[in-house]
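Q: Sequence:
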Amino acid sequence: MDRSADLDRLYALFGRLEERVGGARRLADCTGYMDWPDRGLYVFFAPGESRASSGQRRVTRVGTHAVSAGSSTTLWDRLKQHYGTGPGSSAHPHGGNHRGSVYRRRVGEAFVERYGLHERYPDWGATSVPDDRDRSEVRDEEYPLERRVSAFLRDQPFLWVDLDDEPGPDSDRAYVERNLVALVSNYDRRPRDPRRSDWLGGYARSAKIRASGLWNVEHADESYDPAFLDTLAAAVERTTPP
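The opening residue of the sequence shown carries number -17 in the numbering used here; numbering runs sequentially from there.
If you're looking for bench data, these hints aren't it; they were derived computationally from the structure. By construction, the Cβ of each residue, glycine as well, lies at the ideal position given by its N, Cα and C atoms. Treat the hints with caution; some may be incorrect.
Here are the in silico distance ranges between beta carbons for each label pair [stated by the list, open to error]: (1) R115 with D152: 37 to 45 Å; (2) D207 with D20: 22 to 30 Å; (3) R33 with D203: 19 to 27 Å.
Based on the sequences and whatever the hints tell you, model everything.
A: And the structure:
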């Protein structure tokens, strides 16, 4: 495998994808009324960070959905979890639920670590509200940080790929996600496209996030199969604007 050449091909595919969909989007500008594919894969990019070799924005997060057999989750369902609540939410407008989005949770954790907010948000990152805490009280307490996470995530440029096969761990979505993360990750290997010193992920609690340069933990320490790029290339040609 030639990782440098494979990375160049990957980013060339992202360039082709941008041409097909009319450019990257931001969650702040998206709604569920847009014509999203039912199933797919998404890639977020870090604003202000680019590849040294091409100037293209660098990948910062890879994700998909419906990789469990029988799952009915759609692509927009998953993106909406990252987006959070809208302006019409009566209790917590522009907030969100980090317990329903691992991306939100990890970004919030990094804010907590970076700014020393442990006492203010003692339960952030717990998979569920502790039994001795009132759920609504905790949601109110965490609301300012949820808003901060929403603002951060909604400003991230992202692209998506139409990959609509049956849900399951052997789906094309799971295959491409796994290998894309493994290719881009700098974990325990010579860094490619090094991250800026002030990248928020550098404050993440997970050593894999800090070392890989991705908001991904699963597959960040794995090897990749370069054949996944062929599957991705075919999906790019099927993808249309929303």
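Q: Do D207 and D20 keep their Cβ atoms within the hinted range of 22 to 30 Å?
A: With a Cβ separation near 26 Å, D207 and D20 satisfy 22 to 30 Å, so the hint holds.
Q: When you take the CB atoms of R115 and D152, is the distance between them in 37 to 45 Å?
A: The hinted range 37 to 45 Å holds for R115 and D152, with Cβ atoms some 40 Å apart.
Q: Could you tell me whether the CB distance from R33 to D203 stays inside 19 to 27 Å?
A: holds (22 Å)
Violated hints: none; the structure is consistent with every hint.
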